[in-house]
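Same order as they appear, the protein sequences are chains E, X and F.
Sequential numbering of the first sequence, starting at 5, is according to our numbering.
Sequential numbering of the second sequence, starting at 561, is according to our numbering.
Sequential numbering of the third sequence, starting at 1307, is according to our numbering.
Some clues are possibly wrong.
What the hints assert, rightly or not - Under 10 Å between C-beta atoms, here's a sample of chain X residues computed to sit facing chain E:
(1) P578
(2) L588
(3) G714
Just so you know, the hints here were simulated from the structure itself, not pulled from any lab data.
We treat Cβ as the ideally placed atom computed from N, Cα and C, and that holds for glycine.
What follows is the residue order along each chain.
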Amino acid sequence: MGRKRRITWLELLLQIPFIAYSATILVICFLLVFTPFRSTADLARGILVSPNSFTFDNFADAWRNGLGIAIKNSMTLSLLTCLFTALLGGFAGYAFSFLRFRLRNGLYIFMYSGIYVSTMLIALPLFLQYRQLGLVNSMFGALLIFLGLRLPFSVYLFKNFFDEFSIELIEAARIDGLADLRIFFWIVMPLSVGVLSTVILFNFTAVWSDYLIGLLFLQKDSLMTIMPRIMNIFGSGPMVTQATPLGQGFAGLLVSTIPIIVIYALAKKHYITGLTLGSVKS
Amino acid sequence: MAKNKLTYRNNGYWFLLPALLVVAFIFLNPIIRMFLFSLEGWKYLRPTGFNNFENYLALLTDPHFYGTLSNNVIIIIGVVPAVIVISLTFAQAIFGKIPGYSLYTFLFFIPVVLPDIVVAKILTEVLNKAGPLNDFFNWLGLGFLDQDWLGAPGLSLFTIIVSLIWKNIGFALLLFLARLTTVDISIYEAAEIDGASATQKFFFITIPMLASTISVYVVLQVIGLMSFLFSYIHVMTAGGPGYSSTVLEYFIYLNTFRLQEIGVGSAAGMILIVITMIFIYNYLFASRKKAAKAQEIR
Amino acid sequence: MLKKLGLILVALCALAVALSAQSKNPPVTIEYWTVYEKDSALLVTMQKAADILKARDNITVDIVSKGDAGFRELLTASAMSQSGPDLVFNWTGLADIVTGGMQGLHYPLNKGNLFSKAELAKLLLLDSCTDVKTGNVYGTATGNNYIAIAYNKDMMTKAGIDWSKFPAKWTYAQFLDVCKKLKAAGFAPFGYANKEGIFADWWHSFSFPSYVDKISDVIPYYGKKPIYNKVFDKFCKDWKAFYDAGYFVEGGNTISINDLWGQFTAEKCAIIPLFPALYSVYVNALGEDKVGIMEWPSMGGTGKLAMASPIYGDAIGITAWTKHPKEAAAFIKELVFNKEIVADFVSQGLFPVNKEFKLTDFDIPGTELKRFAALHGQQTLYPEGHAFWVREYSSVVEKFCNSMVLGQITPQQYAAEIEAALKLK
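Please work from the sequences and hints to get the whole structure.
Here's what the structure looks like:
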């Protein structure tokens, strides 16, 4: 298939949907990238007209409204979630792949089902419990939720990856008298850079794009995460006493996509690895 | 054979324990609580004790509940086949190195990775009655397409479906491409020698090759559309107008957080869980049979 | 040596006295959630009240600007867990204060001497904060707010309408006539942003009372009477006719309520609802000369309330779970009884809720607002329909008004949805 061939009429025809779909994507990207730099008066003319202003005010205003703090919080939570899911998920994946113990299958199915449970279902009951435990408005509490939400998928990725490992390698290490903990850190992990990147990629994105958990569990201004903050900037409600902060909100949207685009650009290969390992929850 | 190699070790629990505890705390325990909520009567946000499954009865006699369920089904039927057809065509063409294919793979990737809220916010602006899309249609002279895409009861669900297809094409495409790259090219070459046309190759080689990948995609997408659509719908239409674009997940949200019918919301939640789990376990057991075979070989 | 000891003793005594003086008023921090944005004039005034309280009673009021995104969700979760802020603002109107109170969200002001009987008697709009069954007062308005309309004088002139001859309040015929002329001149008459259904919720609650004789007819509590009747039907049909005539801004069904005021300030519509906090917004955007104020027009009804004017209140309530109800009440008192603070509110167009304060005691900025205030004082006022609604009612209105106005469901079905929601309890 890689050979140079004559271009057929079918291929020419096929260009039409390709170009059409690309065009819609480019329009969305255009809106995402240019809207934040337009002044409110300019935006009032319409969102998809040629800009006649250039300003950084929207970013300044968004920052004043707490976007910076939100980015810091979201970044902290995302990175910590990545770290701990990699560690705990790796352990669990190792156990499921290389160790044999009673209830292994049952526990795996339990863990696996977690991937598919809607966050909406757990939000309210968990909130009530968190209140009792005094964990609302604590970064630790939120981190725990994100860990719980992201671990099932991480474990699933790790297990699928480890299943492809040569078991002889592990057995040989065991015969050499290495403890499992050492095998995990010295032998398995160094060979798992690919799956680690995948796990980090997916978990970072998921935590970064979360709305509901951040909204309910991190209510303080100083703890708010990025998506609730953006929604907050967009919608101050029917009682807003200033013009629609469309540009400000879009500034938030643009800033919020930058880390995602960067991390995907760096690790696109691993996104595909993740897909082939089985699956993705969108 | 494999069994002999994987020696029975109890320390597996120690490796598993941290993850298991966290997951049990975050998933199992709220779901059990939700189940208990669904059995209780609620008045003004306070439980009034066991109420003979009245929440479930209220749900089953609520026409809006069936409306939201059918919206779910419509979304799934509308999105999944369309995405499969479009992405397969795209995947085949990109695999055949259509001119500009690397640019396309890069571009098509963008809607997939953008957070739901970002996509939904931008689309809401674009699809406004007074927004650029309608301006564009008018400019083309297609005035009849100047519609209230998100605000008209008959259209909002359709618009959501189209936007979901738009967003999810890249995901399926990557999934299929990843599978295609592992296909032995010699099969195609042999078919070419036998004089197979591009269409024949597509239908008789590509699609059978991708069958298992397609089934993986279907499961993931269906679950995604059932359980992870909240922020998208919330931003785009807020389930409206009326219940015309409300899906089960959003129905749960409306009941618990807006109407404060904690019991009914929890009952709907339990139904969502049951549906999801039935779906998952069918899939899981089907794939575990295969995996078991693979393990024997190993 | 003794001298030294004595000095130390004296110093210790002084320290003890200082400490005990401080411990009389141990510092308390309370949290107040509002939906107004941080730098809005209203919050600046509230902060002023908070500063007074801090200096005098050592009570810190942490004013948290939440915005409406997620406000309901947070309140629901807070009410269920009986924890969260000490004071909450409620923009859905006073009705939510009562519903909220019944739901265990609010701490009654008449309980535990938080407010004395005399103090409560001073408050306007008290009825609408009171649970009829128990007599509990679940909150108060912070201001006596008019629900009015602002109009663009330029557009009126361009449409050939002489705004200087406007009556104190439009009858429905006059209102329709103005809309017709504006439409003919190529202007969108009335602003419309109803994606969330909030605008229709307002329209319903401000306009429906003109069809009835007394405000309690607006909502028969808990389905005692059927919602659907001739009057309701007429109201819905008038509303639909107004919509179908194209008097609302086109495409308003997909426009978020956040963009409503922008329609007026960007001169996309000639008439817009006006609440006190918004007067300065309009004036800042368009200039004082352009903005006219009128009472909310009478709608198509022939009830006794047809020519009366609705008022409402930005409600504030103490939460049921607060550990500092006294301190929270002190803050409310500061907002409604402190003349300095009230004067500040009045200067933003928010009229006092304390019956003892006369409007004439205060300096009202701007000739138009002054003229309006004088007229407003002569109107028969009633708390808007919202005040007697329960949340189930308004949630149905928000969800189904679009369908009704677009003709997807009949007024009868619309009423049936409301009845179903009310009977669910």
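With 10 Å as the cut and Cβ atoms as the points, is X/P578 at the interface with chain E? holds, 5 Å
For the hint on X/G714, does the least C-beta distance to chain E fall short of 10 Å? violated, 23 Å
Are X/L588 and chain E close enough, Cβ to Cβ, to be under 10 Å, as the hint says? holds, 8 Å
Of the numbered hints given earlier, the model fails hint 3 alone.
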